[in-house]
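What follows is the residue order along each chain.
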Amino acid sequence: MQEPILEALDVFYRYPDGTGALTGATLTIERGQKVAILGPNGAGKSTLFLHFNGLLRPEKGQIRFHGEVLRYDRSSLWQLRQRVGIVFQDPDIQLFSASVRQEISFGPLNLGLKPPETQRRVEAAMAATGVSSLADRPTHFLSHGQKKRVAIADVLAMEPEVLIADEPTAGLDPAGARHIMDLLTEINGRGTTVVISTHDVDLAYTWADVAFVMAGGQVIAGGKPEEVFEQDELLVKAELGKPWLLEVHQALLRGGCSGSRSDRPRRRKELLEMILAMTGR
Amino acid sequence: MFTTDSYAYTSPLKKIDPVEKGAMTVFSLLVALVGPAPLTPLLVAIFWGALTVFWARVSGRAYLKLYLLPLGFLVLGWFSLALSFSPLTGSTAGYEVGWLPAKTVWPSLGPLGGTLSIGPWQLYFTPAGLRTAGAMTARSLGALSCLYFFALTTPLTQMVGLLQALRVPTLISELMLLIYRFTFVLLDVATAIYLAQSARNGYARIKNGYFSLGQLVANLFLKAMAKGRGVFIALEARGYQGELRVLPERLEWRPARLGVLLAADVFLLALGWYLTQGV
Chain Z
33 MQEPILEALD VFYRYPDGTG ALTGATLTIE RGQKVAILGP NGAGKSTLFL HFNGLLRPEK
93 GQIRFHGEVL RYDRSSLWQL RQRVGIVFQD PDIQLFSASV RQEISFGPLN LGLKPPETQR
153 RVEAAMAATG VSSLADRPTH FLSHGQKKRV AIADVLAMEP EVLIADEPTA GLDPAGARHI
213 MDLLTEINGR GTTVVISTHD VDLAYTWADV AFVMAGGQVI AGGKPEEVFE QDELLVKAEL
273 GKPWLLEVHQ ALLRGGCSGS RSDRPRRRKE LLEMILAMTG R
Chain A
1343 MFTTDSYAYT SPLKKIDPVE KGAMTVFSLL VALVGPAPLT PLLVAIFWGA LTVFWARVSG
1403 RAYLKLYLLP LGFLVLGWFS LALSFSPLTG STAGYEVGWL PAKTVWPSLG PLGGTLSIGP
1463 WQLYFTPAGL RTAGAMTARS LGALSCLYFF ALTTPLTQMV GLLQALRVPT LISELMLLIY
1523 RFTFVLLDVA TAIYLAQSAR NGYARIKNGY FSLGQLVANL FLKAMAKGRG VFIALEARGY
1583 QGELRVLPER LEWRPARLGV LLAADVFLLA LGWYLTQGV
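Line by line, the protein sequences are chains Z and A. Take the first sequence: its position 21, counting from 1, is numbered 53 in the numbering used here, and each next residue is one higher. Take the second sequence: its position 53, counting from 1, is numbered 1395 in the numbering used here, and each next residue is one higher.
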């Protein structure tokens, strides 16, 4: 189970205008996990993502995929990009085609797949993301939530081993955000490693197997969400709040309710059961 | 403006192969342009107008509204063809501005037969001019109805497919596709900037309106550049190899339908000829 699939080792990257986006970022993503990367704007999350897909090349340090250092020649990159897919934050940047079906077919065709296989994958990706009924619609007539789904279908149709989504819930209403996260959980259930970036600590806390915190171009913490979010100093440094589940749990313990510190609730339901157990005693 | 686009995308005729629709359009266009005017082109306009409204289910109101767009050109063109003018001859040269209701010149034109004189010039209609103007208007309407039919039933992606079938270089067809796509992105950005400026009274007075508009255009350009870079990165992330390959759409191609419509055009042509000869 513990098998690294993507690794960043002490990666440095500076943008052409001189801003240092990554200043020694190191992290390891295990195969099959749901990973959330948290941090304020400008922490380097998106820049790190672009490295995972070979779109940016580290000035110093390495990116490894399945333990092998990335190579940046044409054919290596082409192979990498069919195995690591990125869903961009702004779907308007990602969606170029005028019809949804054609849009989704772009990736598989670039992989050199034949039209029948492309067709199959496009239909499967549309079914998985729930956009089959939009197949013939032009992409600019879609709502923001629908565009996000199509953007995910775009990458899903390439059947990558790792699906990276840059702020998949940004700009969505709560129901839309929940649907997208359920969809990502489902994709993960089929064996795809899913990596997201987000500002939403509650969401990351409940959803992720592993959480990383970035600040100032570095990964300053990583591990199980309940352990990461226990560290108050860290959260202050990364300008993140504490997940409300943890906060309530800690308050209950401080208030004298019995229960163990290590028994932290991950979901609303778990916390409610805990409270009922405490008060029913 | 973009309603034409939504009609094309929701058209019940969307599935028809653009090659078929293109052939219909070009053939009817030729009929409207070479058939005896004004009758044949008017018949073409009525026939294709009816097809657009009843077969392609474009609302009649919206369809007529579309003709307002070229109406200005038509009116200007009509006047410039129908009106003749020449220097005023000796004896009547005393008038500054005057109207000669004379039936003397072209009695057949009735009230239009008069002459308007302005200073040393006179303006008047001639039967030949009116005929040419009428023919031109009829042909324009006929040609417009064919092109509107095509435009209102064919999404741009299919037009691009048609161009590719006609072996237009991919560079041009892909540029068309991207320009089309980004027209909408730019429109969104422009609307957002405009609203943001208006919210701070950017267009409250004419003078700062000009300034705001300049800012809008300049920023639109910068944002367009940034978006363009973003798009390129996103394309690369999906293995872009220098060609935007997508699955072709499933389209229906029915020679029989094409045959019937072409035959209808030929009939209109023949009818026009027959009736014109009869007059």
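Source of the hints: derived by calculation from the structure; they are not laboratory data. It cannot be assumed that every hint is accurate.
Below are the DSSO-like pairs computed for lysine-lysine, each with C-alpha atoms no more than 30 Å apart in a straight line [as the list claims (entries may be wrong)]:
id : chain 1 : residue 1 : chain 2 : residue 2
1  : A       : LYS1565   : Z       : LYS146
2  : A       : LYS1357   : Z       : LYS146
3  : A       : LYS1356   : Z       : LYS92
4  : Z       : LYS301    : Z       : LYS256
5  : Z       : LYS256    : Z       : LYS269
Here is what the structure says about each hint:
no.	hint	in the structure
1	A:LYS1565 <-> Z:LYS146	violated (37 Å)
2	A:LYS1357 <-> Z:LYS146	holds (23 Å)
3	A:LYS1356 <-> Z:LYS92	violated (53 Å)
4	Z:LYS301 <-> Z:LYS256	holds (19 Å)
5	Z:LYS256 <-> Z:LYS269	holds (18 Å)
The structure does not agree with the numbered hints 1 and 3 stated previously, though it agrees with the rest.
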